[in-house]
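Residue-level listing of the chains:
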Amino acid sequence: MDNERGPVEQILAGDKDAFARFIDRYKALVVHVVYRMIPNREDREDILQEVFMKIYRSLAGFRFESKLSTWVARVAYNTCVNHLNKKRELLLEEFRPDLETLDELAGDGERPDQSAEGMDVSLRLRAEIEKLPLAYRTILTLYHLEEMSYKEIGEIMGLPEGTVKSYLFRARKHLKARLLSGYRREDLWS
Amino acid sequence: MRHLTDEEIQAYLDTPSEEADADVRHHLETCERCRKALADYRALYRRLGDDAAFVFPPDLAKSVLTRMGLERRRRRLTLPGDLVIVVSAIALMLIGISVLGDLGSLFDAASAAMRPILEYSTPHLAAARDRITGADFTVTILVYGAAILAALWAMDRAFERRRPTITHQRR
Chain Z
1159 MDNERGPVEQ ILAGDKDAFA RFIDRYKALV VHVVYRMIPN REDREDILQE
1209 VFMKIYRSLA GFRFESKLST WVARVAYNTC VNHLNKKREL LLEEFRPDLE
1259 TLDELAGDGE RPDQSAEGMD VSLRLRAEIE KLPLAYRTIL TLYHLEEMSY
1309 KEIGEIMGLP EGTVKSYLFR ARKHLKARLL SGYRREDLWS
Chain F
63 MRHLTDEEIQ AYLDTPSEEA DADVRHHLET CERCRKALAD YRALYRRLGD
113 DAAFVFPPDL AKSVLTRMGL ERRRRRLTLP GDLVIVVSAI ALMLIGISVL
163 GDLGSLFDAA SAAMRPILEY STPHLAAARD RITGADFTVT ILVYGAAILA
213 ALWAMDRAFE RRRPTITHQR R
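Here the protein sequences line up with chains Z and F, keeping their order. Each number in this note's numbering comes from the position in the first sequence (counting from 1) with 1158 added on. Each number in this note's numbering comes from the position in the second sequence (counting from 1) with 62 added on.
This is chain Z alone, in the form it adopts within the complex:
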């Protein structure tokens, strides 16, 4: 964490170039979180900018008690949750899905083998991820794209580690089942 102090102090001293480098450094993380959490594509660009503006304004309050990436992800996560709340797009079951949510999704009447026809496996996977409740989408993103630990994800989302792990396992099991019902195993492996 010591190597994070230098850039932060430069930004706090008013170095605009340092902040530009900071944005480039954390752009992928914020894009991953925002794009996975915000369904409306038109809102995403605005929220991306809002996240970095919030970071700039509150960076002085960062105490280096966690990794900077964890803090950045938390700002992005909270900004998205606030946005969804404001637009009344955040349903309770999306935020705290119960154990039945994925089973209900699996039985939503849509047969993957029909809708998947002709669609690339990666595209299909993306579509299946977008159908998952918010908490599952976010956890999958932070774990697989950002390689964060259960603990870090728990800190970001305010969830116990056990819940993070449970959601992650259930989401992957669900996705594997959905893909295998629409594609041959070799297509998934290729």
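Keep in mind that the hints were calculated from the coordinates and are not lab data. For clarity, every value in this text was computed on a predicted model and none was experimentally measured. Fair warning: there could be bad hints in the mix.
What the hints assert, rightly or not - If you want a taste of the chain Z side facing chain F, the calculated C-beta under 7 Å gives, among others: (1) A1178; (2) I1181; (3) D1182; (4) K1185; (5) V1189; (6) Y1193; (7) Q1207; (8) F1210; (9) L1283; (10) R1284; (11) H1302; (12) L1303; (13) L1346; (14) W1347.
Think of the CB as a built atom: it goes at the ideal place given N, C-alpha and C, for glycine as much as any other residue.
Given chain Z, work out where chain F should sit, using these hints.
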């Protein structure tokens, strides 16, 4: 033979542990079904870790800095101008009242404007209102209207938010 559960396979991939993995590895050597399940999850993990589908905005840093700079510059550059407009509108109102009410009371009106508003302007405005009749009243209303519109326009400009648009490109 008991097959590995989905949870056991995922845990094997997530958190390598020599002791726990020995049993899993031993089972995998002899069980084709579990080997296939493991390969399924490996393929899924690989795809979940691929961010090729994400479209990254170019020049995000520039857009953020521009937006922050723009907002500050707008506040810095427009507020003095807007203040001039608001002050002018108030002065116009006071002059309008004085001229239309009684040319002789122009000095009194100017004096009143210089004193604390609550203490001096109220009786002056009341006196002016009593003197205004007919055409004078119409002109006064127009002056008031123009002043209010100018103030609203100034406030609108002061709080206006302009955001630069970001265009996307594939990373």
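Run through the hints listed earlier and report the numbers of any the structure violates, in increasing order. Violated hints: none; all satisfied.
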